[in-house]
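For reference, the chains in residue letters:
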Amino acid sequence: MRARREPLPSQEQRAVELFEKFDKFAPLRNSLRKIAAERAEWAGIPMQLDGTQLIVEKSYPYAQVLNAPPDDGEEPGIKVRNSWWSSRLRAEVYIYEEDGKIKKLIARKAPHNFSLDIATFGCMDVWGLEQEQKAMQLLATLVKHRQLKQYILTGGFLETSRRSGLMYFFRRLRPTVVIDARDQSSDESARILCTLCMHPIAHYKATWAGAMTPTDDVVAHLMLMRGDEHMFWKRANQHAPDRPEAGL
Amino acid sequence: MTGEVGILNVGAGDTKLVFDPNNPQEMIRAARIVKDMIRRGYALLVEVKAPDVGQPSTYRRAYDFDESTCEYIIADLDPIAAERADNEEAETQEPASASDTADQPQAKRAKKARTRRVHASTTRTVAVARTAGG
Numbered sequence: 003m004r005a006r007r008e009p010l011p012s013q014e015q016r017a018v019e020l021f022e023k024f025d026k027f028a029p030l031r032n033s034l035r036k037i038a039a040e041r042a043e044w045a046g047i048p049m050q051l052d053g054t055q056l057i058v059e060k061s062y063p064y065a066q067v068l069n070a071p072p073d074d075g076e077e078p079g080i081k082v083r084n085s086w087w088s089s090r091l092r093a094e095v096y097i098y099e100e101d102g103k104i105k106k107l108i109a110r111k112a113p114h115n116f117s118l119d120i121a122t123f124g125c126m127d128v129w130g131l132e133q134e135q136k137a138m139q140l141l142a143t144l145v146k147h148r149q150l151k152q153y154i155l156t157g158g159f160l161e162t163s164r165r166s167g168l169m170y171f172f173r174r175l176r177p178t179v180v181i182d183a184r185d186q187s188s189d190e191s192a193r194i195l196c197t198l199c200m201h202p203i204a205h206y207k208a209t210w211a212g213a214m215t216p217t218d219d220v221v222a223h224l225m226l227m228r229g230d231e232h233m234f235w236k237r238a239n240q241h242a243p244d245r246p247e248a249g250l
Numbered sequence: 140m141t142g143e144v145g146i147l148n149v150g151a152g153d154t155k156l157v158f159d160p161n162n163p164q165e166m167i168r169a170a171r172i173v174k175d176m177i178r179r180g181y182a183l184l185v186e187v188k189a190p191d192v193g194q195p196s197t198y199r200r201a202y203d204f205d206e207s208t209c210e211y212i213i214a215d216l217d218p219i220a221a222e223r224a225d226n227e228e229a230e231t232q233e234p235a236s237a238s239d240t241a242d243q244p245q246a247k248r249a250k251k252a253r254t255r256r257v258h259a260s261t262t263r264t265v266a267v268a269r270t271a272g273g
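Chains as they are written, first to last, in this note's numbering: chain D, 3 to 250; chain S, 140 to 273.
If we strip away everything but chain D, and leave its shape as in the complex, we get (with noise of 0.2 Å):
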């Protein structure tokens, strides 16, 4: 009598079964994408990372799950009944009552990013290569290959709205600089109107990451810019180009 012969794994198999083996977070990963698709989320599970705040679109149907109770930040005792970002100061002004008598606190911002830059790079086990790669390949068929060589050797593209005109510059892991360069005549130079930041299903708080892939968060800008640049502005948040959230 002849042993059965196990079937041999298909390559894709094989393909999980290496990167299971080398990223520790893709066994987790996977699953997500398993119970995703059996629940018909089609846009996937985010993952929950350990040091980070998971936000999450409010309709999402594990939006209650996943978010962290609200923080409204203020201690007892202490009520902010004003704050404003201050260009001249870089940095955020509160106006808040403390046992009846009003005070000022200025929170200044170091004159860098890196905070922000290095608590993005922390949500990188999130993300997958296998993913990411997919993502690349659906960006490809999506733009020419001058912004294509642009985005893989520098992390970035220009697209000029055809409708407003507006020029935008999309950023992996970098909020979309909106570039006002309509009025040619004019002697002045183009300036940036602001930064849209955006991520579809969930972010990072206090970071540029959001539960897609990079190249994904950069499809996403690209494709509501171009079919509806109202939704795109009406949906991203706008920081001003001297805010640190802006990332310029």
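One or more of the hints may lead you astray.
[To be verified] Estimated spans, in silico, between C-beta atoms of each pair:
(1) Trp-87(D) with Lys-188(S): 43 to 53 Å
(2) Thr-141(S) with Ser-166(D): 29 to 39 Å
(3) Arg-253(S) with Asp-119(D): 44 to 54 Å
[Stated by the list, open to error] Every beta carbon over 10 Å from chain D, so not counted as near; a handful from chain S, in silico:
(4) Asp-159
(5) Asn-161
(6) Gln-164
(7) Glu-165
(8) Asp-191
(9) Asp-203
(10) Glu-206
(11) His-258
Simulated from the structure, these hints should not be mistaken for lab results.
Ideal Cβ placement from N, Cα and C applies to all residues, glycine included.
Following the hints, complete the assembly by docking chain S onto the known chain D.
For chain S alone, kept in the frame of chain D given last:
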């Protein structure tokens, strides 16, 4: 000819749905998923080929999807062409004199939104889930 939908996905990078008229079962499944995505607030950006050869394609957001015919429903308005038409009209239109407008009421231009249908098997689409700010 087949159409496809690329869904941006957290765990997969990009998952594909295919609208292949030779595979009705897959078409039905894909249509059901597309309809569900629109219901959930996903933005479906549909590629619309330019009427003239050599012109670049444009992208429009689909407002709805007809499951029975597998057609995206998009707004039938090209803002660029509309602006060009408005500019041409402004250049060629003569200024109205007082006597012309005294007795005749001005005709109001009816601005009714028109829609257009694009069959899912003839185009490609990218689906973007609702966004969580940033």
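Hint check:
Between Trp-87(D) and Lys-188(S) the C-beta distance comes to about 45 Å, which sits within the given range of 43 to 53 Å. Between Thr-141(S) and Ser-166(D), the C-beta spacing of about 33 Å keeps the proposed range 29 to 39 Å intact. Between Arg-253(S) and Asp-119(D) the beta carbons are some 48 Å apart, a value that agrees with the proposed interval 44 to 54 Å. Taking the minimum C-beta to C-beta distance to chain D, about 18 Å, the non-interface status of Asp-159(S) holds against the 10 Å cut.
Look at Asn-161(S): its CB is around 22 Å from the nearest CB on chain D, clear of 10 Å, so calling it non-interface holds up. No beta-carbon of chain D comes within 10 Å of the beta-carbon of Gln-164(S); the shortest separation is about 17 Å. The beta carbon of Glu-165(S) sits about 16 Å from the closest Cβ of chain D, which is more than 10 Å, so the claim that it is off the interface holds. No beta-carbon of chain D comes within 10 Å of the beta-carbon of Asp-191(S); the shortest separation is about 15 Å.
At roughly 14 Å from the closest C-beta of chain D, the C-beta of Asp-203(S) stays outside 10 Å, upholding its exclusion from the interface. Remark: the non-interface label on Glu-206(S) is consistent with the geometry, its nearest Cβ contact in chain D lying 15 Å away (cut-off 10 Å). With a least beta-carbon separation of about 18 Å from chain D, His-258(S) lies farther than 10 Å from that chain, consistent with its non-interface assignment.
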